[in-house]
Amino acid sequence: MTTIPLKKPRREDLAPDEVLCTHCIAKCCRYFALPIDTPTERADFEYIRWYLLHDRASVFTEDETWYLLVHTACKHLQPDNRCGIYETRPQICRDYTTDNCEYEDDWTYERYFETPEQVQEYAEAVLPRAKSKGIRSAKPPALPIV
Numbered sequence: 001m002t003t004i005p006l007k008k009p010r011r012e013d014l015a016p017d018e019v020l021c022t023h024c025i026a027k028c029c030r031y032f033a034l035p036i037d038t039p040t041e042r043a044d045f046e047y048i049r050w051y052l053l054h055d056r057a058s059v060f061t062e063d064e065t066w067y068l069l070v071h072t073a074c075k076h077l078q079p080d081n082r083c084g085i086y087e088t089r090p091q092i093c094r095d096y097t098t099d100n101c102e103y104e105d106d107w108t109y110e111r112y113f114e115t116p117e118q119v120q121e122y123a124e125a126v127l128p129r130a131k132s133k134g135i136r137s138a139k140p141p142a143l144p145i146v
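1 is the number of the first residue of the sequence shown in our numbering; add one for each residue after it.
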């Protein structure tokens, strides 16, 4: 079994023939992210709120593209953080390279939402107010004349 050192080396300190994954916690195998439509109206933000009502889901943006992120490990991830089906892994895994992976743990997103409340607050900030909604209470009905 391969053990991962407590402090991993920096990417630039690795030897040219050294495998980056030997020092990693397999972050790329512990979630998947799918692009979603950019929300432009209240109904779109309601869908995003619904996504976030589910356990282990979040939403982020990168380069103005919105993504649904599901935090779940691949069922073939081994205890040593290696792939249990490496020779028969899916094409998406074969195409993935460590050139731009999240090895450094300093990844940040333009927007990151973890709760439905965060999405609601964001929507209220970016969407125009409905025409019938102002900052004042609705005008009460006139009192009857007696």
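Derived by calculation from the structure, the hints in this document are not laboratory data.
Predicted model, so just to flag it, every value in this text is computed and none were measured.
Hints are supplied without guarantee of correctness; some may be wrong.
In silico DSS-like pairs for lysine-lysine, Cα to Cα no more than 27 Å straight-line [what the hints assert, rightly or not]: (1) Lys75 <-> Lys8; (2) Lys75 <-> Lys27; (3) Lys27 <-> Lys7; (4) Lys8 <-> Lys27.
Estimated spans, in silico, between C-beta atoms of each pair [as the list claims (entries may be wrong)]: (5) Thr108 <-> Lys139: 43 to 53 Å; (6) Ile92 <-> Tyr112: 14 to 24 Å; (7) Gln91 <-> Thr65: 13 to 23 Å; (8) Glu87 <-> Thr22: 16 to 26 Å; (9) Thr88 <-> Glu41: 35 to 45 Å; (10) Pro9 <-> Arg94: 35 to 45 Å; (11) Glu114 <-> Asp44: 11 to 21 Å; (12) His54 <-> Tyr96: 41 to 51 Å; (13) Ala142 <-> His54: 40 to 50 Å; (14) Trp50 <-> Tyr86: 16 to 26 Å; (15) Arg10 <-> Asp63: 24 to 34 Å; (16) Glu18 <-> Glu117: 17 to 27 Å.
For each residue, glycine too, the CB sits at the ideal point set by N, CA and C.
Going through the hints against the structure:
1. With a CA separation close to 25 Å, the supplied pair Lys75 and Lys8 stays within the 27 Å bound.
2. With a C-alpha separation of about 14 Å, the suggested pair Lys75 and Lys27 falls inside the 27 Å cut-off, and the hint holds.
3. Of the pairs offered as hints, the one joining Lys27 and Lys7 holds, with about 16 Å between alpha carbons and a cut-off of 27 Å not exceeded.
4. In summary, the hint linking Lys8 to Lys27 is supported, as the alpha carbons are separated by about 14 Å, within the 27 Å threshold.
5. Taking 43 to 53 Å as the suggested C-beta distance range, the pair Thr108 and Lys139 conforms, at roughly 47 Å.
6. For the pair Ile92 and Tyr112, the beta carbons lie near 23 Å from each other, so the given range of 14 to 24 Å is met.
7. A hinted range of 13 to 23 Å holds for the C-beta pair Gln91 and Thr65, which are about 21 Å apart.
8. The given range of 16 to 26 Å is respected by Glu87 and Thr22, whose C-beta atoms sit roughly 18 Å from each other.
9. A C-beta distance of roughly 43 Å is found between Thr88 and Glu41, which places it inside the suggested range of 35 to 45 Å.
10. Judged by the Cβ atoms, the range 35 to 45 Å given for Pro9 and Arg94 is violated: they are separated by roughly 26 Å.
11. At roughly 18 Å, the beta carbons of Glu114 and Asp44 sit within the given window of 11 to 21 Å.
12. Between His54 and Tyr96, the C-beta spacing of about 25 Å breaks the proposed range 41 to 51 Å.
13. A beta carbon spacing of about 48 Å between Ala142 and His54 agrees with the range 40 to 50 Å that was offered as a hint.
14. For the pair Trp50 and Tyr86, the supplied restraint of 16 to 26 Å is violated, since their beta-carbon distance comes to about 36 Å.
15. For the pair Arg10 and Asp63, the supplied restraint of 24 to 34 Å holds, since their beta-carbon distance comes to about 25 Å.
16. Between Glu18 and Glu117 the beta carbons are some 44 Å apart, a value that contradicts the proposed interval 17 to 27 Å.
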